[in-house]
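Protein chains: 2
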Amino acid sequence: MLETLDLKARLGNKAFREAMDRLELELPILQRAVFEHDIPVLVLFEGWFASGRGDSIGQLVHHLDPRATRVHVTHASSEEDRLRPWQWRFWRCTPPRGRIAVFDRSWYYLLWNQRDEGTIDAARWERELQAVDEFERQLVEDGTALVKCWLHIGPDEQKRRLKAWAKDETQRWRVSDEDWKRQRNYPRRQALAEEMLARTNTHRGPWTLIEAEDENHRRVRVLSAVADAMRRALEQRGIHAPTPEELPDAPVAGKKLKPIVATDPLKTPPVIPKDSPLSRADLSRRLDRDEYAKRLKKGQARLRELEFLCYTKRLPVVIVFEGWDAAGKGGAIRRLTESLDPRGYKVVPFAAPTATEKAHHYLWRFWSEIPKDGHWAIFDRSWYGRVLVERVEGFAAQTEWGRAFQEINEFERSLVTHKTVVVKFWLHISPEEQLARFRRREQSPLRRHKITEEDWRNRAQWPPYLAAVTDMLRQTSTTHAPWTVVEADDKLWARAKVVETVIKAVEARL
Amino acid sequence: MLETLDLKARLGNKAFREAMDRLELELPILQRAVFEHDIPVLVLFEGWFASGRGDSIGQLVHHLDPRATRVHVTHASSEEDRLRPWQWRFWRCTPPRGRIAVFDRSWYYLLWNQRDEGTIDAARWERELQAVDEFERQLVEDGTALVKCWLHIGPDEQKRRLKAWAKDETQRWRVSDEDWKRQRNYPRRQALAEEMLARTNTHRGPWTLIEAEDENHRRVRVLSAVADAMRRALEQRGIHAPTPEELPDAPVAGKKLKPIVATDPLKTPPVIPKDSPLSRADLSRRLDRDEYAKRLKKGQARLRELEFLCYTKRLPVVIVFEGWDAAGKGGAIRRLTESLDPRGYKVVPFAAPTATEKAHHYLWRFWSEIPKDGHWAIFDRSWYGRVLVERVEGFAAQTEWGRAFQEINEFERSLVTHKTVVVKFWLHISPEEQLARFRRREQSPLRRHKITEEDWRNRAQWPPYLAAVTDMLRQTSTTHAPWTVVEADDKLWARAKVVETVIKAVEARL
Numbered sequence: 001m002l003e004t005l006d007l008k009a010r011l012g013n014k015a016f017r018e019a020m021d022r023l024e025l026e027l028p029i030l031q032r033a034v035f036e037h038d039i040p041v042l043v044l045f046e047g048w049f050a051s052g053r054g055d056s057i058g059q060l061v062h063h064l065d066p067r068a069t070r071v072h073v074t075h076a077s078s079e080e081d082r083l084r085p086w087q088w089r090f091w092r093c094t095p096p097r098g099r100i101a102v103f104d105r106s107w108y109y110l111l112w113n114q115r116d117e118g119t120i121d122a123a124r125w126e127r128e129l130q131a132v133d134e135f136e137r138q139l140v141e142d143g144t145a146l147v148k149c150w151l152h153i154g155p156d157e158q159k160r161r162l163k164a165w166a167k168d169e170t171q172r173w174r175v176s177d178e179d180w181k182r183q184r185n186y187p188r189r190q191a192l193a194e195e196m197l198a199r200t201n202t203h204r205g206p207w208t209l210i211e212a213e214d215e216n217h218r219r220v221r222v223l224s225a226v227a228d229a230m231r232r233a234l235e236q237r238g239i240h241a242p243t244p245e246e247l248p249d250a251p252v253a254g255k256k257l258k259p260i261v262a263t264d265p266l267k268t269p270p271v272i273p274k275d276s277p278l279s280r281a282d283l284s285r286r287l288d289r290d291e292y293a294k295r296l297k298k299g300q301a302r303l304r305e306l307e308f309l310c311y312t313k314r315l316p317v318v319i320v321f322e323g324w325d326a327a328g329k330g331g332a333i334r335r336l337t338e339s340l341d342p343r344g345y346k347v348v349p350f351a352a353p354t355a356t357e358k359a360h361h362y363l364w365r366f367w368s369e370i371p372k373d374g375h376w377a378i379f380d381r382s383w384y385g386r387v388l389v390e391r392v393e394g395f396a397a398q399t400e401w402g403r404a405f406q407e408i409n410e411f412e413r414s415l416v417t418h419k420t421v422v423v424k425f426w427l428h429i430s431p432e433e434q435l436a437r438f439r440r441r442e443q444s445p446l447r448r449h450k451i452t453e454e455d456w457r458n459r460a461q462w463p464p465y466l467a468a469v470t471d472m473l474r475q476t477s478t479t480h481a482p483w484t485v486v487e488a489d490d491k492l493w494a495r496a497k498v499v500e501t502v503i504k505a506v507e508a509r510l
Numbered sequence: 001m002l003e004t005l006d007l008k009a010r011l012g013n014k015a016f017r018e019a020m021d022r023l024e025l026e027l028p029i030l031q032r033a034v035f036e037h038d039i040p041v042l043v044l045f046e047g048w049f050a051s052g053r054g055d056s057i058g059q060l061v062h063h064l065d066p067r068a069t070r071v072h073v074t075h076a077s078s079e080e081d082r083l084r085p086w087q088w089r090f091w092r093c094t095p096p097r098g099r100i101a102v103f104d105r106s107w108y109y110l111l112w113n114q115r116d117e118g119t120i121d122a123a124r125w126e127r128e129l130q131a132v133d134e135f136e137r138q139l140v141e142d143g144t145a146l147v148k149c150w151l152h153i154g155p156d157e158q159k160r161r162l163k164a165w166a167k168d169e170t171q172r173w174r175v176s177d178e179d180w181k182r183q184r185n186y187p188r189r190q191a192l193a194e195e196m197l198a199r200t201n202t203h204r205g206p207w208t209l210i211e212a213e214d215e216n217h218r219r220v221r222v223l224s225a226v227a228d229a230m231r232r233a234l235e236q237r238g239i240h241a242p243t244p245e246e247l248p249d250a251p252v253a254g255k256k257l258k259p260i261v262a263t264d265p266l267k268t269p270p271v272i273p274k275d276s277p278l279s280r281a282d283l284s285r286r287l288d289r290d291e292y293a294k295r296l297k298k299g300q301a302r303l304r305e306l307e308f309l310c311y312t313k314r315l316p317v318v319i320v321f322e323g324w325d326a327a328g329k330g331g332a333i334r335r336l337t338e339s340l341d342p343r344g345y346k347v348v349p350f351a352a353p354t355a356t357e358k359a360h361h362y363l364w365r366f367w368s369e370i371p372k373d374g375h376w377a378i379f380d381r382s383w384y385g386r387v388l389v390e391r392v393e394g395f396a397a398q399t400e401w402g403r404a405f406q407e408i409n410e411f412e413r414s415l416v417t418h419k420t421v422v423v424k425f426w427l428h429i430s431p432e433e434q435l436a437r438f439r440r441r442e443q444s445p446l447r448r449h450k451i452t453e454e455d456w457r458n459r460a461q462w463p464p465y466l467a468a469v470t471d472m473l474r475q476t477s478t479t480h481a482p483w484t485v486v487e488a489d490d491k492l493w494a495r496a497k498v499v500e501t502v503i504k505a506v507e508a509r510l
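Residue numbers (the numbering used here), protein chains in the order written: chain A, 1 to 510; chain B, 1 to 510.
Check before you lean on any hint, since a few could be wrong.
Lysine to any residue pairs mimicking SDA-like chemistry, simulated, CA-CA at most 25 Å apart [stated by the list, open to error]:
no., chain 1, residue 1, chain 2, residue 2
1, A, Lys-372, B, Asp-81
2, A, Lys-159, A, Tyr-109
3, A, Lys-358, B, Asp-65
4, A, Lys-346, A, Tyr-109
Treat the hints as calculated values from the structure; they're not laboratory data.
For reference, chain A alone in the conformation it holds in the complex (with noise of 0.2 Å):
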């Protein structure tokens, strides 16, 4: 199969820039579409080493909701995974319904090094590739979108990338020993991987085999074929999501879209008490479009710099959303992770708990979240939703969310002396700036689907909400976890904040 891939194959910067843009009205429409009609995702790449599945995977999940996207990295079975057959870890990782898996290599990876390095035999080879024919056939018949992207490069060019990382100091770390002999054995690993991906092509699980010694031409076959997969999922179902043509984000002139909610149920805008600390906020703070270009472009490479430093040296970060609705958290952590390696961070939604949380204490779901060590996990919304959502809507007793600024300040303080560095934002708006947003969400037909009537019960609820705001911002503000307010009516001045107090944050402990 491998030999059919034209290695030569190129494409220029223009037709690179024509295909991206459309790809990027295309995939979050696409995506929102599977998540709507319950579509797990489960998107793999294999291929050889050095061949760019880490820009591949940064590509895609840049163009993806962070908050229904998972990245899983498959590094050598550990002592835990040996207990069990190979498929155990990755049945774990399989996308719930709605979700997209993104697997950093898979079973592949393993029984190909396994085959290659002799520790299994012909017979149980024979076996495994059969195995994973049932595993992927029975995610496939369950309704998993399946895409499999092998991506190819030649031995020369192979080696050639191999000698560049080796020269380049902050590459150097990236190639092993066993890297290079792998490159040495190139011929032979190819002969198994023919065998490999022969036998596993199957018509629910076909391989997209990629050429990837060109860039351009890599990233735009990455994308596309995951768009065409989720669109073809989306079609065995009798479903149209719209093309990016079929669907226009501006208004139609002239054409007003019927509002959710006719009139603004908050009457009075409440007054924010001196006392608290919202009201040092400045909602006058602005930053324009060059300066804010500048910046970011200047943040963001800090932090890829910033993200690598604290895989090196095992430092764990954990980086708190909250906010007002409306008032940017999603823009803000897709600048934040936009230039980040996705193999090294997640971001971790949280939503009402499930009947399984609600069996254990609040705290339970968050522990079981946070990152390890040398990794990155932002949460969007978090813990603080005992004594924020719980509260005001009576769902904690006064007892429950009252005794939480204690409990948030131990547990934080537990992840800070395991040297994890701690930020929290808490994403201020004005009541005006959400209500004017809100009435341009409802005419926007690509982002209508952000606002919902439940959005405006919680408008109305903005008194009470303040009042909970300036408490956990007292209560919880500590030395080592400290709340930073976010000016955000302009959301190119949060973001740049947000951006820049994460690598002050950072610096600070490395």
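Position chain B relative to chain A; hints supplied.
Same frame as chain A, but now just chain B:
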């Protein structure tokens, strides 16, 4: 604190038997009450090496319903554990509401060793003792009944026990050089333990110090501590759980309890088709009590040996229990596990899937519970729900349960490829016997809760279940994972057959 213990404390056999008889009645009543009232119970065992933790945990879990009990063994931290604060691994094992988690050693063991070995300094030791207090307070304030048992033996007794083990070929593996070194450092370790116990003996998490040189004394003290804690937790909520005296098991003479359902909904008992594997089950099989007692005793002793052999040879075992309602699954599981070391097996009960589980492939929740090498997992109901209840009740479409036979065979084959022993039981009773058991349960104050209207509704579905069971047995009885139909109209026969079948299956693979 430890100097207050009278290590000479002894309990005579008669007093021991009396105390145990009472606890045997009381513990299930209390467990049911904490289950019904959603109280999580966390019992941890700490103390000296060779002080009898394993035996204590065995005694405890054999008086509890294994379906609501989980045993967690705390080994030295793994790589994964060390990448996070120590609380992480323990938070994940905190019991959900209504369930009991038993810890064979815990956070104390880790801290004690770290301080003894000097891997944490005095300041960190202080900080972590504080963090222990915080962790326990958070759980207790959230409603957890926390029981902390310290099993105490003197240095001479410890030395005597280590020597005895070292001499015994079957026990020698238990004692490492590290254990001997710690034995020699008893005085220093005792001073540290004293400090640790004193610092963490809080009113929310008090220690129960138990003289553990006399087995009788230790056993009764352990079970009483757990019973007392459950009763206290109930009383704090104003709930009085009946004492054994207050709730006679036998129906009160002349006073009949109201049946849950007046008339049997199963009008005509279904006829088993001749080609069904069930038709070959001879339900007249009986075992007299003496013969049963003899065979059970012999079988249980062998099971214990086999469990240990599986552990040393790293062989995993999966045992599946399916059967008609009231066929005696619970009783059979209890006899099977009675003699086993609770640290080597787990009982995993399955009811209707949660929302999270429903968002995944139906095999997902079973994959995540498969045992690791050397351990046994007993599934009380299983993946066969797909072709039984989900088929009969229409929760799965025909295409879904139709392809499940193949999926299940593939799943079990993957387990067997990974050298797992798979044993599957269908506990078979006649409709007449089921009716008699339902009626007896209705009249038993202690067991009436085991029969609900749903059980009666299921009984009315006997004919479609019969068809489903027949298909299941035919299509999923494979060479590598055969079904055993257990004639269960006589409970003694059924239990002996279960125990002996497991023995044969495991022996065949060793």
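Outcome of the hint check:
As the CA atoms of Lys-372(A) and Asp-81(B) are separated by approximately 9 Å, the hinted pair is consistent with the 25 Å bound. Restraint check for Lys-159(A) and Tyr-109(A): satisfied, since their Cα atoms lie roughly 20 Å apart, inside the 25 Å limit. For the hint pairing Lys-358(A) with Asp-65(B), the CA-to-CA distance comes to about 23 Å; that is within 25 Å, so the pair holds. Between Lys-346(A) and Tyr-109(A), the direct Cα distance comes to roughly 22 Å. Compliance with the 25 Å bound is thereby established for this hinted pair.
Checked against the numbered hints above, the structure breaks none of them.
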